[in-house]
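Q: Since the structure of chain H is provided, determine the placement of chains P and F on it from the hints.
Protein chains in written order, with this note's numbering: chain H, 1 to 332; chain P, 1 to 324; chain F, 1 to 306.
Because the hints were derived from the structure by calculation, they are not lab data.
Treat the hints with care, since some could be wrong.
[Stated by the list, open to error] Across the chosen pairs, the derived CB separations fall in these ranges:
| id | chain 1 | residue 1 | chain 2 | residue 2 | range |
| --- | --- | --- | --- | --- | --- |
| 1 | P | V181 | F | P65 | 43 to 49 Å |
| 2 | H | S290 | F | V137 | 31 to 37 Å |
| 3 | H | S290 | P | P60 | 53 to 59 Å |
| 4 | F | A32 | H | E214 | 37 to 43 Å |
Glycine included, C-beta positions come from ideal geometry on N, C-alpha and C.
Below, each chain spelled out in residue letters.
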Amino acid sequence: MSEAITRSAPSQTPLLVLDQLKKYYPIRKGLLNRTAEYVKAVDGVSLNIVPGETLGLVGESGCGKSTIGRSIVGLERPTDGRILFEGADISKLSGSEMIKLHSEVQIVFQDPYSSLNPRKTIGSLLAEAVKVHRVVPSDKVVSEVDRLLDIVGLPKTSKSRYPHEFSGGQRQRIGIARALALKPKLIVCDEPVSALDVSIQAQVLNLLKQLQKEFNLTYLFIAHGLGAVRYISDRIAVMYLGKVVEIGPTKELFRNPKHPYTRALLDSYPIANPHLRDRERIVLEGDVPSPVNPPSGCRFHTRCPMAQAKCREEEPLLVGEGDHASACWFSH
Amino acid sequence: MYNYVMRRILIAIPVLFGVTVINFIIMKMAPGNPVDMLVNPKLPAAAVEAKRMELGLNAPAYEQYWNWLKNLVLHGDLGYSMITYEPVTRMIGEHLWPTLLLMGISLILGLAIAIPLGVISAVRQYSKLDYTVVTLSFLGISIPNFFLGLGLVYLFALKLDWLPTSGMTELGQGGSFKDVVLHLILPCIVLTANVTGRTIRYVRSSMLEIIGQDYLRTARAKGLKEVLVVNKHAMRNALIPIVTILGMEIPILFGGAVVIEQIFSWPGIGQLTLSSIMSRDYSTIMGLNLVAAIVVIFANLLTDIVYALVDPRIKHSYQGAARS
Amino acid sequence: MNLFKRYLGVRQQPEADLIAIASEGEGEPKGAFWRRFRKHKLAVAGLFVIGIMAVCAIFAPWIAPYHPSAITDSFGEGPTWSHLLGTDQVGRDVLSRIIFAARVSLSVGIGSVLISAIIGAVLGLISGYFGGWIDGVIMRITDMFMSFPYIMLILVVSSIVGPGLKNIILILGLLGWPGVARLVRGSVLSIKQTEYIKASVALGYKTPRILFNHILPNATAPLLIYATSGVAGAILDEAALSFLGLGVQPPTASWGNMLASAQSLTVLTDKPWLWVAPGVMIVLCVLSINFIGDALRDAMDPKNRK
Chain H
1 MSEAITRSAP
11 SQTPLLVLDQ
21 LKKYYPIRKG
31 LLNRTAEYVK
41 AVDGVSLNIV
51 PGETLGLVGE
61 SGCGKSTIGR
71 SIVGLERPTD
81 GRILFEGADI
91 SKLSGSEMIK
101 LHSEVQIVFQ
111 DPYSSLNPRK
121 TIGSLLAEAV
131 KVHRVVPSDK
141 VVSEVDRLLD
151 IVGLPKTSKS
161 RYPHEFSGGQ
171 RQRIGIARAL
181 ALKPKLIVCD
191 EPVSALDVSI
201 QAQVLNLLKQ
211 LQKEFNLTYL
221 FIAHGLGAVR
231 YISDRIAVMY
241 LGKVVEIGPT
251 KELFRNPKHP
261 YTRALLDSYP
271 IANPHLRDRE
281 RIVLEGDVPS
291 PVNPPSGCRF
301 HTRCPMAQAK
311 CREEEPLLVG
321 EGDHASACWF
331 SH
Chain P
1 MYNYVMRRIL
11 IAIPVLFGVT
21 VINFIIMKMA
31 PGNPVDMLVN
41 PKLPAAAVEA
51 KRMELGLNAP
61 AYEQYWNWLK
71 NLVLHGDLGY
81 SMITYEPVTR
91 MIGEHLWPTL
101 LLMGISLILG
111 LAIAIPLGVI
121 SAVRQYSKLD
131 YTVVTLSFLG
141 ISIPNFFLGL
151 GLVYLFALKL
161 DWLPTSGMTE
171 LGQGGSFKDV
181 VLHLILPCIV
191 LTANVTGRTI
201 RYVRSSMLEI
211 IGQDYLRTAR
221 AKGLKEVLVV
231 NKHAMRNALI
241 PIVTILGMEI
251 PILFGGAVVI
261 EQIFSWPGIG
271 QLTLSSIMSR
281 DYSTIMGLNL
291 VAAIVVIFAN
301 LLTDIVYALV
311 DPRIKHSYQG
321 AARS
Chain F
1 MNLFKRYLGV
11 RQQPEADLIA
21 IASEGEGEPK
31 GAFWRRFRKH
41 KLAVAGLFVI
51 GIMAVCAIFA
61 PWIAPYHPSA
71 ITDSFGEGPT
81 WSHLLGTDQV
91 GRDVLSRIIF
101 AARVSLSVGI
111 GSVLISAIIG
121 AVLGLISGYF
131 GGWIDGVIMR
141 ITDMFMSFPY
151 IMLILVVSSI
161 VGPGLKNIIL
171 ILGLLGWPGV
181 ARLVRGSVLS
191 IKQTEYIKAS
201 VALGYKTPRI
211 LFNHILPNAT
221 APLLIYATSG
231 VAGAILDEAA
241 LSFLGLGVQP
251 PTASWGNMLA
261 SAQSLTVLTD
271 KPWLWVAPGV
281 MIVLCVLSIN
291 FIGDALRDAM
301 DPKNRK
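Next comes chain H alone, as it looks inside the complex (with noise of 0.2 Å):
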């Protein structure tokens, strides 16, 4: 618990803290399917949310950030590990006391092609949200799917139509309408916009960004490049392999990198301004390893160009000043 504490962000009440979250998913082997190894996809990942900021979440795929965000929704359950939402362990819920919490914390998926019933009206998918939690009285609902559909600047007609007739775009935000439906605290962004085409992109970050401010919503926002989470991100983590490496202001973070993966990372991207491409890069090699049997000492080590003895022995902790933390022996 003390190192969450330390990551805390300027003096809030988190209105949600990951306190060393793991998710393990066992490896059945041989004859008789004995768990003979585990897939560690999170690792001991401890975060904190502050009611109205944007979190968001980057690493290669594979490093277990969607893990982390189906977690929370209650999609899968941690190996171990506590999720506190507004004070109260949810990771443990039973499933009514989930349902309740269902309003409370929403998620919009990736591909919008496939997050949507394809034989149901835009209607009765929001419709229906809105009836089974009784967000209003019975008799309001047709016209709560109207403000819904308004919010997110779709036309009321769209509700007798099906979701094929609609582009990438207009189904993430009936996407994002369904999860207002309940009207939640939390919304996961699970890679909202990387199935989309970069000019659509940009409309619904800039409607994510909006609505954050008109409802007071918090955002974890999940992706697995750089790009898309500068811009909407008011604190960054960066993971690989289970773990949390780097976490801070989006400002200071991409300034500022301390650890070497942030770095590639960000060293991976084009550069806007000329007097920086100069500097030194790091280009990633080799592949991630398998979160079978991560790394000795730091994960990183294998593909680091500055790991020493040291980092292969022993694994460093996330520490730092203020808000700006590294698991690196060398960022210091």
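A: What follows is chains P and F alone, placed relative to chain H:
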């Protein structure tokens, strides 16, 4: 590979056990019993009771099942027919070969006709030939066995008098090779028509799917002749799902045998089944069902193994660890 | 239990292409379906044939020239103007019996498939959605039932419960579900992975709502196709059972039991009108249904959409 085969064998065991239990339960649900059929209603009750004791019908159900299973596992003994008092294993043994002969030949013939037709039909999709083949295959699956059988008997045996109508051999001729073949022709045509009808559609659709795939387009793009593309690249991959057909056909053929053997008086399992059902010969029916189920389970097991041998994807997915 | 899951995952199922229809299915304008269906001329003809048969079955008492078991004044006569398809040895009008027998075949086909579709769909939904040991148990039972040669099992059971129309429908219905269960389970497994189902879970919907309101509607297309061929199969099975004397019993007319008389050589050679007509009816009926099923498959397959 070893793991994969062992896994399948391990799974087959509980299924086999379950099959014997279901079998037994069904038999126990039966009203009436062979004693009622056998004994003269004028016999005194005591004599009927003695007969029941003798046949073991008074013991509790689980004990009857246990005795039956014990005998089967320890001695390969399926008990005695309640009607003819012959050992069930011997009765089945005598009738099994004619059925397997009939089924085997029909299956081989059916595949030999269906695979090339299905492939050609797929290669020339939407051609006249394709329509003809597909329509004929629908006819093959829509004609009831017995109607086709009767029609053939009417035409070839009664009107033209070319072929014998019933049995496996002519009485008093000792069953020469030629004699058996002549008797085989009509029932074989019926079963083959069925197998062919089902198989053509399966071959055609799996072939069509493969033809549309990218690696075949690549093969064409690099300038391979169409014949070569089809024979070397498409056929091999289309044959993989065909292995499945073998597994599916065997239980269907067993069923078809009951009807066909009845029409052609073929001395096989089907006829034995029907006659023991009519005379409520429980021990024989149980034995027959069990043998049929074992054949089916083994056919499935074999299918799975052959599958693994021809499809490298399965082999590999069992070597590496997979996420659950 | 994972053992079972993987066993079924790897084994190539013949219904795999049907399952793809469930998972790749997308909504589309309603007219498009009929446009593709109409391309199958034989299926349209089949629809027409089945329509006529259904009318005959429903209005049989008004259409048939005679009562099906009424004994007329001619015995075993060939076709004449007063008996278009002749009479049987007892003196009943063959045409009238054929018209009434359509009732038997169609009700067996539809009734038994309805029963097995309901049982199979519920078990398949449960099996696919919950997975784990529930899935293992249901699938093992399915395997056991599928290990018996189908016709043999039906024969044994019908000899036990006794023949008759109601029993035949029940037997075929109660023994026909394993195929449906496997198909629905496969569809559910692929639908379950979609994000819209995950979204329903995240929206806090209760499991029955997710199962019946979101998963089942997406699994109906393959189920419908499978059920169509199931109807054809059930009609053939009833005919075979009645032919062997274990199905619908005379005097009730069924195409199958009308053919049974042809087991006698004299009928087979000298009175073909007694067995050719009912046989042709079975073929026509089953063939039409199979054509319709094939057209449905093509029309519903998302791969055929442009």
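Q: Each hint needs a verdict: does it hold in this structure or not?
A: Here is how each hint holds up against the structure:
The supplied range of 43 to 49 Å is met by V181/P and P65/F, whose beta-carbon atoms lie about 48 Å from each other. In this structure the supplied range 31 to 37 Å holds for S290/H paired with V137/F, their Cβ-Cβ distance being about 34 Å. With their beta carbons about 57 Å apart, S290/H and P60/P fall inside the hinted range of 53 to 59 Å. Between A32/F and E214/H the beta carbon distance is about 40 Å. The supplied range of 37 to 43 Å therefore holds.
The structure shown violates none of the earlier numbered hints.
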